[in-house]
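Number of protein chains: 4
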Amino acid sequence: MSEMDNSVRRGDNVLLYLTRKKKWLVRADADKRVHTHLGYVDLSSIIGKEYGSSIMTSVGERLWILKPTIVDLILKAERRTQIVYPKDLGMIVSMTGISSGSIVVEAGTGSGALTTFLANLVKPDGHVFSYEIRPEFIEIAKRNIERAGLRDYVTIKQADAKKGFDEKNVDVVIIDVGDPWTLVGVAWEALKGGGMIAGISPTMNQVEKLVVELRNTGFVWIESLELLLRGLEARPNMTRPSMGMIGHTAYLTFARKVLKDR
Amino acid sequence: MSEMDNSVRRGDNVLLYLTRKKKWLVRADADKRVHTHLGYVDLSSIIGKEYGSSIMTSVGERLWILKPTIVDLILKAERRTQIVYPKDLGMIVSMTGISSGSIVVEAGTGSGALTTFLANLVKPDGHVFSYEIRPEFIEIAKRNIERAGLRDYVTIKQADAKKGFDEKNVDVVIIDVGDPWTLVGVAWEALKGGGMIAGISPTMNQVEKLVVELRNTGFVWIESLELLLRGLEARPNMTRPSMGMIGHTAYLTFARKVLKDR
Amino acid sequence: MSEMDNSVRRGDNVLLYLTRKKKWLVRADADKRVHTHLGYVDLSSIIGKEYGSSIMTSVGERLWILKPTIVDLILKAERRTQIVYPKDLGMIVSMTGISSGSIVVEAGTGSGALTTFLANLVKPDGHVFSYEIRPEFIEIAKRNIERAGLRDYVTIKQADAKKGFDEKNVDVVIIDVGDPWTLVGVAWEALKGGGMIAGISPTMNQVEKLVVELRNTGFVWIESLELLLRGLEARPNMTRPSMGMIGHTAYLTFARKVLKDR
Amino acid sequence: MSEMDNSVRRGDNVLLYLTRKKKWLVRADADKRVHTHLGYVDLSSIIGKEYGSSIMTSVGERLWILKPTIVDLILKAERRTQIVYPKDLGMIVSMTGISSGSIVVEAGTGSGALTTFLANLVKPDGHVFSYEIRPEFIEIAKRNIERAGLRDYVTIKQADAKKGFDEKNVDVVIIDVGDPWTLVGVAWEALKGGGMIAGISPTMNQVEKLVVELRNTGFVWIESLELLLRGLEARPNMTRPSMGMIGHTAYLTFARKVLKDR
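Residue numbers (the working numbering), protein chains in the order written: chain A, 59 to 320; chain B, 59 to 320; chain C, 59 to 320; chain D, 59 to 320.
No lab work stands behind these hints: they were computed from the structure. Some clues are possibly wrong.
Claimed, not checked - Not the full set, but computed from the structure, chain D residues with beta-carbon under 7 Å of chain C:
id: 1; residue: Leu133
id: 2; residue: Arg137
id: 3; residue: Ile141
id: 4; residue: Lys145
id: 5; residue: Ser157
What the hints assert, rightly or not - To be clear about the criterion: a stretch of chain C counts as covered by chain A if any three or more of its residues have a C-beta under 8 Å from a C-beta of chain A, and this derived list gives those stretches:
id: 6; stretch: 243-253
id: 7; stretch: 300-308
Glycine is no exception: its CB is placed at the ideal position from the N, C-alpha and C atoms.
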């Protein structure tokens, strides 16, 4: 991330930023042109420019040239499934301790958003093994992970996770499917002793069933939670919380595997 | 994290877990004994045991032997300052994209909690440079970072950040001081183009001043937010949100450096 | 509310209900017809029908005939100002104890929404005196209060509240203006000993100034708060919080007048 | 509330206020003395003093003499059951439109807190009929309602509400029991057409069952919600939300009776 040359190179993912609501993720290509409601930009003209500098559209609107974060890429990625929100992605990191070198198994690749986020954290020494049963999602996920440049850190398997994970001794198993309680047993088998499971579930009924199954299967320190994110509109002498707000995304459930008979 | 041998080794940090409220962070040492209100454990007896297994105290209470996550270490660390909470740590990660290889500058080391968390994420190829003016905090922070085994990824500098950071072209600058607006200019100098600043502030007035300064200094995509964490008590047919809740920790502010004249 | 005859009478306000998002407030009049995107209803045909029964539109859609609550009237009233939300209206009642017989002074009539709500609570023995400086709002407010049938319980005064309220010995003063701190002195003069002031303010800066002024003027038990309302979507085995949510309406501040020298 | 004489009379409920955390509800009696950790006060000495004035304890601490609101009385009342919180009391008022003249049926008197609050709102022309099966609670509730001076507006019945309410054509039925779904049918029978039901339930499972039963029984406009209350600590240049917060009290569910075959 911090090479001295901080310029746009051919093939880079680039975020052209006008406002928080108006921004475009493009690939710096010699022959492409991006059209906005505020004029167009020839992408060849951004190659070689420094990140943080700007470019004018054909109608004279200034766009800032930014290097997208991993979450910027995820939020702009092709998808057909509900996204995992940044607040929830972050909480999974801080609760599980996933970092460079971690071995993670994910059930429910979907469009690969969480997969991409995790791959970016486990690199260069860790790996994410992600299970998905629906072939059409696997194609989308592969394109998204490829685009983020993280192909080397991910293995996607088209398989029914209920039949068991191939991996053993893994650090963290993440369950992002509609019936998470059905995967508790196979997650236990895949985890190393003390390893962590994390479940992502929109409804309280899912959490209820998941927690019961965790208690019965050999997990301790079970906790479920949700995060509410609210913006703060800071303006001199007129600061107030944002009126727009998302009321709910998902509950997160965490627990650690124990060896009951030892 | 995922070496095949998942056993306690001499010198390991180990978390002895009874319940969510009762757990002890210890160092696996041959000659030490840890005393709890539920009897004692000789630490020599846990060396060689597998993580996830258990040990009985002198009065027959079962404690689970867990490997602490980085956040477990932080929450049990020696400190004299307000902690940054896991929800906020996680949000900083997902918003800034800090990961292996990132170069991060932090102003306000405090007890080193955030420093430790960041070091764990940037390893093995990145680095955290942390500035602190008060020598007594530096000693505490160093012990905490050392204990977490992350000394190689952190440089603590006793210096007044207002006079400028030594580093240039950094990916992220994190401001965790009482007057964050005073460091916006030096943060801009240290950041690479498009680099990200993150501020952590408990009061709305701090955010108000910080945001004004960011607007004036050459930052775009400025957003401030807070996270509210609420537990969910999942029990069969009796599921409800937790009654205990922390109402406020800090506001987080994010922005990206732009090169105004380019 | 509870006369034995529960039928629609000529001139009644009636709510025609299709769904939570689609409902029409009408006046039961012999010669009117209400048009919806789902056909029309002749209002003469609802006169004499029992509340709770239904009527078919010209295209065969069933609308329920409901008697609007005072909040239903407010939310459908003509207005040019920000509404006070039901959650905040309710909190003002429970914190101040306003009920039948209370004498209330309001600064900032606006479109009369809060005025209407309060008048409905103080009837039949209390009264609301409401101050508004802008004549165009007074006309709107009067129409709204008249429509709710509460004219006898409200006196609107076109006057600058900063110059003082005419009333003395009042139970509660409610401040709903942009610079609430400027009215703390005149509110103190109007209130009886131990009487309550309530302020409604969208920004934290307003609250900060209001609270300082309250402390300096002779008020105790000063508290500011906000309410967050979140829906719960209850469906068999799929219950979860609502995704739509309003992040902020207003802060409410309460305090009680004391006689400092006695 | 607003008689010109605003002085303490023998027998009045009086709130002696030191701080938000330290306040005492007493009855102004000639022969009583109230002891605090800050000295004592002879209650005879407060009779005749104006509300809003103060009195010194035997050790020279100033206590403010305040007239308690109805919620002050409730929060200091004798109780053995979970209280309904002011935020929830207020929301019930604003959603149901209960006001002077309303006829309300309550199932689950408990310690009479909600009963007291409602009686204060329906007076002088309305009435609250409250059902409770446990005689020990009825005694507590009666004392609390008597103390608040609201005996004339309440009828408590020792009966099993499942067998039906005696009242017909009522405006609002409030259900505050553990199995609210069992009372939906009898509530429908008691309500007038278009009348409102309100349920108070701590768990999501209760809400789920209640909502199903409401849908099946002849109610429309069914909505469930919760309110989160957070304090704002307003101090010059240091304003921030309160750290202490109650995470959950109860879900509130509202619906209106319709006449399905008419």
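A quick look at each hint next to the structure:
no.: 1; hint: Leu133; in the structure: 11 Å, violated
no.: 2; hint: Arg137; in the structure: 17 Å, violated
no.: 3; hint: Ile141; in the structure: 12 Å, violated
no.: 4; hint: Lys145; in the structure: 6 Å, holds
no.: 5; hint: Ser157; in the structure: 5 Å, holds
no.: 6; hint: 243-253; in the structure: violated (count 0)
no.: 7; hint: 300-308; in the structure: holds (count 8)
Going down the numbered hints, you'll see the structure goes against 1, 2, 3, 6, while the others check out.
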